[in-house]
Amino acid sequence: MNLMCILYSVVPTYQPAQKSQNKVRLSQVKVFDNNFKRRNMAEEYKSLHPIKYYRDCLAHDIRPDGRAFDKFRPVLLNIGSIDTTDGSAIAKVGKTTIVCGIKAELCKPKADTPNQGFVVPNLELPPLCSPKFRPGPPSDQAQVLTQLIADIIENSKCVDPKDLCIYPDKLAWCLFIDFVCLNYDGSLIDACIIALVGALHTLTLPSVDYDPSLDNKLVNLEDRKPIPIHSTLISTTFVIFDDKIILADPTVDEENYCTGIVTIVLKGDELCCVHKPGGSPITEDDLFDCIDKSKLRSPLIQNLIKTALKQK
Amino acid sequence: MKRGLFFNIDKSVRLQQINIISCVTMKELRDEPPICLPGQRLCLSDKIYTSGQGTYERRGYIYSQLAGYVDIVERDGVKVVEVHTSGEQTVVPTQGDIVTAQVYIITQQHCKCFIKCVGDAVLRRPFRAILRREDIRATEKDKADIYKSFRPGDIILARVLPITEAHTYQLSTAENELGVVIAHSEHGHPMVPISWTEMQCSKTYIKECRKVAKVVPENVDQETLKKRKKSE
Amino acid sequence: MPVDHKRINGPEETVPYSLFTKLNTKSLQQQFKEQVRDEKRSDNRLLLEHRKIFIKTGLVSQAKGSAYIEQGKTKVIVSVFDPREIPNRTDYSLKGEIYCEFKFATFSCTKRRLHQQDTEEKQYSALMKQALDSTVCRHEFPNFQVDIYAFVLHNDGSALSAAITAAGVALAHAGVPMYDLIVSATLGIQQNIKLLDPSVTEQWLCEMPVPLDGKVGNQGVIVMSMLQSHEQISQFYQVGNLSLEDITDSIKILENACKELIPLIQKHLVKHVLKTMKNKSEDK
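Residue numbers (full-length UniProt numbering), protein chains in the order written: chain F, 1 to 312; chain Y, 1 to 232; chain H, 1 to 284.
These are computed hints drawn from the structure, not numbers from a lab. In this text, a Cβ means the ideal position worked out from N, Cα and C, and glycines have one as well. Keep in mind that the hints are not guaranteed to be accurate.
To be verified - Straight-line Cα separation of at most 30 Å, DSS-like style, residue types lysine-lysine; simulated pairs:
no. : chain 1 : residue 1 : chain 2 : residue 2
1   : F       : Lys95     : H       : Lys267
2   : F       : Lys244    : F       : Lys217
3   : F       : Lys46     : Y       : Lys143
4   : F       : Lys157    : H       : Lys6
5   : H       : Lys73     : H       : Lys22
6   : H       : Lys259    : H       : Lys129
7   : F       : Lys46     : H       : Lys111
8   : H       : Lys259    : F       : Lys108
9   : F       : Lys52     : H       : Lys22
10  : H       : Lys56     : F       : Lys306
11  : H       : Lys56     : H       : Lys6
12  : H       : Lys278    : F       : Lys95
Unchecked claim - Non-contacting residues of chain F with respect to chain H, defined by C-beta distances greater than 12 Å in every case (computed):
no. : residue
13  : His60
14  : Pro74
15  : Val75
16  : Ser88
17  : Ala104
18  : Lys162
19  : Pro226
20  : Glu284
21  : Asp289
22  : Gln302
Unchecked claim - Simulated restraints, written as ranges between beta carbons of each label pair:
no. : chain 1 : residue 1 : chain 2 : residue 2 : range
23  : F       : Asn303    : H       : Asp133    : 45 to 51 Å
24  : F       : Gln302    : H       : Pro16     : 29 to 35 Å
25  : H       : Ser93     : Y       : Asp76     : 41 to 47 Å
26  : Y       : Asp76     : H       : Asn279    : 32 to 38 Å
27  : H       : Gly58     : Y       : Thr168    : 29 to 35 Å
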């Protein structure tokens, strides 16, 4: 309710002031009525002048969805609900929904890294999740985000490829970690990382008896063990609006109309990755401020993951 | 099925409808318009009742096309049965609709726009449309110049012309109430109309040419605002 | 297979570990008998009993309409988008078009699937389109196409019929004009035993001939979609070998099965309408 009042008071964008038009004809009223004086006026304004709409809202210290600038959306995590996978999780950050499923397969290690297995992450942004995407090969955005996730996994060593080796140079695990976005409403990486951590914690691999002399493998489905997870990652996204305002946990519209975006990934208390692809510059103080905010958020998410694991 | 089934306000008739949609309790339905689902038979189609928006006719009956509520509008002595969705309606612009569009390309002969709203319904996906030079104004059509009427970024009100074989919508602003409603000057400041062919920048006071739409003055706008505030 | 440069590819050759488990030596016949015992199935269902169904709308806020369906363990999400101009077309078409895309998640089945649409998914897309073409009032949006995307998160049998049912709900949720509500059901037949809403193992066993006492009986899978109030069949798809009588019987069974689903869908849509109407009046 409060928000709506603000919107109405900032909405006048069209002010015909001269006297010559003071005679109001009925037909004119109707036209105006049809187009601007309705309940969904705010929505229309948003559709026609999105950037201005955001500026007006932000000038009143509030975001269009009613959050304060540094407020995060609620996070939900559900783990282990898909039993065709070896580990799975569904994470929701606000309305953004990511499903992460891990499937393990057997393969031969690479010759130059004989004692390492493989981790193959892929993020799918199907046309289902947003009208922005079309059927066909992955969009540029999906490719960029996939690479970013791959880098985060590799740098943080949350899964060590060495743990995935069964017999050096002969047999290793390959983890296919597939992320699917079901609803795209901003802060994708945050949701992906939460889903990833959740899925990794549920991941179990069957034990394998390997006889190198005969190249004979026997998989014991009954004997499943979790793999060691070396760190818990937490990602937080911020957007910069008009070079000065910083918004935490952006929605998709905020991401579209912002001038810069920063993603900070923490590994425990350590900084694991800061991703800032161009856009407007950010001052050092602001960046530290963002890092502090993500540090404050990190225990909350860690608690969430713990509770989700307990509930399983 | 009897004629006009649940349109009589009779309570027993409403109960019949509840049988159709089995799960709605009596309490929920009271004082509320009847709810219907796609494919639900509404009533007989005859001289009194005809099929309107959101319904279709099949073998002498009127059926609903949408999940929403039933509405009856009386037009020229005929009761038109309409069904409206409770949420956003899926609309495509049709001939005669007034649309809000944003200009994005101008050439000598035409300008291209995106239709953003149809009537009062905001579209999630804009539709492409074209406005030809001869459709800008009603009189002295040949004198109209595209670049003196519209600029990229302008928000215009326009009417949808009959749909032809062409693939995109054609628009017309050949009415007093149609034309530019929101525009920004070269420097990016909002402009205020000063006549039906000119607008003035609110900061720099530079005048620019536009085909301006006549719209309600501000005082009306303020009054409704006040009323709204009081009611809140 | 050409290399997919737009995704991260793993090592060239990987094999699912299930290939190296202790060999499953049971014959198909034994396996089928394990599934169906004394008119009861492995999950304690009767032969002609649906699994528990859960439907939710509005899960995809970015889409115009969406529906999520859980049928036992099978989980499908469908979203519907606003009409858009038909790409790569210059002529005028009086009727609008429907574009359907059916996709399994890579992790949805026991064997890992590829990211690209395979032939099975293409076929399912075509069947979905066939079912929905006659449901949607296509004359209401000439020259436009409505996109419908179905995504299977977890396949435990009857995924296509779940997707069609969900698509019907999603279309109604999106406010796309429709002639009728559409529901769909799957029936598996093996050795003259009919199994409604088969699980993935049951479906797999029904899809291949299992010899019984040296003879091969009737077997197959039927997916049928129905328009509810007009009682019309909008789509019928059958694989396997079935006698004419069996098919007539099956149609009757499936007709009843579809009718059983209708109240659930109606209930859900009415709830949705009431909810949005309430929200609207609160806004005012």
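*Are there hints from earlier that the structure breaks, and if so, what are their numbers?*
The structure breaks hints 2, 3, 7, 8, 9, 11, 16, 17, 25; every other hint is satisfied.
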